[in-house]
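Asks: Below are the chains, spelled out letter by letter.
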Amino acid sequence: MNYIKIFDDIEEKYNLKPLSLRIEEKEPDEIYARVGAGDFKPMCLAMHKYLHSPVMSFFAVDERKEKGVFGLLCAFQSIEFKKWVFITTEVPKDNAEFESLSKDIYSAALFEREIYEMFGIVPKNSPDTRRLKLHEEVWPQGNFPLRKDFDSKKIKDSPKSEHKLKEVEGDGVFEVAVGPVHAGLIAPGHFRFSVAGEPVINLEIHLGFTHRGVEKIFENLSLNEAVSLSECVSGDSAFAHSWAFCNSIEKILKINVPENIQYVRAVLLELERMYNHVNDIGGIAVDVGFSFPSAFASLMKESILDLNEKLTESRYLKNVNAIGGVLCDFNDDKKQVLIQNLEMLQKDLNELKKMILSNVSFMDRADSTGILRKNIAEDLGVLGPAGRASGIDKDLRKDFHGIYDKVKFNSIHCLSGDVSARLKIRFDEFEESIKIVKQFLDMIKPFESKKEQLPKIKEGYALGCAEGWRGPVLYWVKIDAEGHIVRCKIVDPSFRNWEGLAFAMPGNIVPDFPLCNKSFDFSYSGNDL
Amino acid sequence: MIEIFKNSIRKALQTRPLSIKEIPVSKEYEMLGAELKKAIKKRFSRSFHIREVDTGSCGACESEIIAATNPIYDIQRFGVDFVASPRHADALLVTGPVSKNMELALKRTYDAMPGPKLVITLGDCALDGGKFKNSYYTLSGVKNVLPVSAHIHGCPPKPIDIVKAILILLGKTK
Ligand code: SF4
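The listed protein sequences correspond, in order, to chains A and B. Residue numbers for the first sequence follow the numbering used here, so the first one is 196 and each next one is one higher. Residue numbers for the second sequence follow the numbering used here, so the first one is 4 and each next one is one higher.
Bear in mind the hints are in silico, worked out from the structure with no lab data behind them. We put the beta carbon where it would ideally sit given N, CA and C, even for glycine. Treat the hints loosely; a few may be bogus.
[What the hints assert, rightly or not] Within a straight-line C-alpha distance of at most 20 angstroms, the following computed EDC-like cross-link-like pairs (lysine to aspartate or glutamate) qualify:
id, chain 1, residue 1, chain 2, residue 2
1, B, LYS9, A, GLU546
2, B, LYS40, B, ASP84
3, A, LYS348, B, GLU106
4, B, LYS136, A, ASP562
5, B, LYS136, A, GLU508
6, A, LYS278, A, ASP346
7, B, LYS30, A, GLU331
8, B, LYS161, A, ASP501
9, A, LYS348, B, ASP131
10, B, LYS136, A, ASP501
11, A, LYS673, A, ASP203
12, A, LYS505, B, ASP164
13, A, LYS505, B, GLU31
14, B, LYS30, A, GLU285
15, A, LYS530, A, ASP562
16, A, LYS298, A, GLU331
17, A, LYS633, A, ASP574
18, A, LYS212, A, GLU258
19, B, LYS9, A, ASP559
20, A, LYS673, A, GLU258
21, A, LYS549, B, GLU6
22, B, LYS167, B, GLU6
23, B, LYS44, B, ASP77
24, B, LYS136, A, ASP346
25, A, LYS355, B, GLU106
26, A, LYS548, B, GLU6
27, A, LYS361, A, GLU399
28, B, LYS161, A, GLU508
29, B, LYS110, A, GLU331
30, B, LYS110, A, GLU332
31, A, LYS548, A, ASP562
32, B, LYS161, B, GLU6
33, A, LYS277, A, GLU414
34, B, LYS161, A, GLU504
35, A, LYS593, A, ASP623
36, A, LYS646, A, GLU508
[To be verified] Chain A stretches covered by chain B per the calculated footprint, using a threshold of three residues with CB under 8 angstroms from any CB of chain B:
id, stretch
37, 372 to 379
38, 428 to 434
39, 452 to 460
Looking at chain A on its own, in the form it has when it is part of the complex:
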């Protein structure tokens, strides 16, 4: 089927005739539809409705030097056509504003706030333009770090203000503030509970504490340096991030990654998923004080980390991905080790399942706690296991990636959207991962590692993706003719999913918060960048 149908349908269905629509198929799975500033919002709205897709990514590019404008790109996903659809427009440099989308498309809201704080491009009529990452308390107004002419040595000094949290008022309402430094060994974030009696009536999450300016650091890096930076964006998703990054560069440079290598990547990605899922299962158990299964789970996690090290010399799968291939070799011994381990992991998983799912007092805590309803999850654009637990059956592995067509696996989803749904999703996905790895193993032919020679560099841009264990990891990268990165927009699944937690909390009691939080388990560093 021809994707042009999308645009014809939209024109007919929504009676939308953009004056200046230019459609270009950049890559086999990427289309760019350029429209004038006035058509941008209606076009995005129509696309959002027609494709049933949340905003997958929405960002600006500073092209003032070359063209005198900012570029604005908003990405949607068409599962039917297996395409990424970008709606793009231009924003003049001296009147940098656009009509806000977030009142009509909620999943655009956070992206808009980000565009405003990083580029100073104003989303007109937006309900919320508070900063996300550059906290008002420490970062003076009027400094926009992702603009090309921003100089970190010359930060303009201007008044700082206080970040305003939403206030909940009423008789007997009190606030509980938690963080940024927490009691446990976890990353920093601030949570403000408004509580009336026992139940929470509002949870406000303030993040950005681990903001390191990653997207800016990417700029001007050489491609190889950038691969290793992408591994440090979110440490427990090092492989998914580096794969997504490499994927985008491979698309730009038209590198064909041999299938054999892609299978190895898929195996490693599943291993990453497995150690994290089991880590979360243990975490959920310990958050209700059920420490025995959690110790058991931590052993399973350790055994996978150890396995990772045996296969790639890195426990967290760092320094493995490279543009065009992988840096580890693969032989029959490794295959044997993997097969043995998979069998043991399957046995252990069965044990762990028995321990947890047959424990009535535990399941009593998990059932119907922290419910995220499907319609809310859809509006927020929650994806990955968190979305699948609420009934959103989307997974890049089945929806997009070609190589996963070669294996059989079930895409797991539940409807109840509570802690126990998210727990079950993790158990089931773990099992599916074992299946996937086994099938790929049968197809992998042994090979020696070698450093790939990059083909001639040319300028271009593309979107790379990988279904990490938290959901879709997206890298939109633009490089110049020397192979330096001009813009790198990263969307970690946490960025779109964090708000799901805020909507799952009301009605629950504060002591259930750790449990809910762990059942989602989002990345702070991946969100804050």
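Starting from the known structure of chain A, arrange chain B with the ligand on it as the hints suggest.
Replies: Chain B with the ligand only, in chain A's frame:
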């Protein structure tokens, strides 16, 4: 009801065999651990308490600290424990390059600790900013904010590196 009791009794009484092939903890680790235990006994009468603060790490460093407390490495058996409150801590363990947003929280955590206090940094980021050195939003390492007594190298360091580094640090402190 009977099922519940049966289940609970089974869980309370039975230790289950693990099919995970034992991940051998190296002899080296055990030796270092024994030494660490001695050192902690001498200087901190058996318990060395650490408060951890993440100032912008990618999360892998935390994951390794947590791994050090899993049943295999079990750093607690040598006398090292991670505590929730800075008031209970002998040392502050810091990861991450110190983002601007975390500077104040880091200083306040340090101030809340009773003296004498140690600061240990963990991971390349915490040393000098690592990959995030040239950022507009990091302070390029903990040493620019607090006095640091020891550093644990790696990106991320393995549990054994953590034990080694604490041992060396305790050898230096009186
Ligand atoms: S040192 Fe490495 S592993 Fe540790 S936080 Fe920094 S980037 Fe992550």
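Asks: Compare the distance between the alpha carbons of LYS44 of chain B and ASP77 of chain B with 20 angstroms, and conclude whether the hinted pair is satisfied.
Replies: Judged against 20 angstroms, a Cα distance of about 17 angstroms means the pair holds.
Asks: Taking only the CA atoms, is the gap from LYS593 of chain A to ASP623 of chain A under or equal to 20 angstroms?
Replies: holds (16 angstroms)
Asks: CA of LYS549 of chain A to CA of GLU6 of chain B, is that 20 angstroms or under?
Replies: holds (13 angstroms)
Asks: Taking only the CA atoms, is the gap from LYS673 of chain A to ASP203 of chain A under or equal to 20 angstroms?
Replies: violated (29 angstroms)
Asks: Are LYS40 of chain B and ASP84 of chain B close enough, with their CA atoms no more than 20 angstroms apart?
Replies: holds (12 angstroms)
Asks: So if I understand the rule, the pair passes when the alpha-carbon distance is 20 angstroms or less; does LYS505 of chain A with ASP164 of chain B pass?
Replies: At roughly 18 angstroms apart (the allowed maximum being 20 angstroms), ASP164 of chain B and LYS505 of chain A satisfy the hint.
Asks: Quickly compare the C-alpha distance for LYS212 of chain A and GLU258 of chain A to 20 angstroms and report which way the hint goes.
Replies: violated (27 angstroms)
Asks: Hey, LYS530 of chain A versus ASP562 of chain A, does the alpha-carbon distance stay inside 20 angstroms?
Replies: Not satisfied, since the Cα-Cα distance of roughly 39 angstroms exceeds 20 angstroms.
Asks: Decide if the proposed pair is consistent with the structure: LYS161 of chain B and GLU6 of chain B, CA atoms, cutoff 20 angstroms inclusive.
Replies: This hinted pair is violated, its Cα atoms lying about 43 angstroms apart.
Asks: Need the status of pair LYS110 of chain B, GLU331 of chain A: alpha-carbon distance at most 20 angstroms?
Replies: holds (19 angstroms)
Asks: Holds or violated: are the alpha carbons of LYS161 of chain B and ASP501 of chain A at most 20 angstroms from each other?
Replies: This hinted pair holds, its Cα atoms lying about 11 angstroms apart.
Asks: Would you check chain B against the stretch 452 to 460 of chain A, counting CB to CB pairs closer than 8 angstroms, and say if three or more residues qualify?
Replies: violated (count 0)
Violation of the numbered hints given earlier is confined to hints 4, 5, 6, 7, 10, 11, 14, 15, 16, 17, 18, 22, 32, 33 and 39; the remaining hints are satisfied by the structure.
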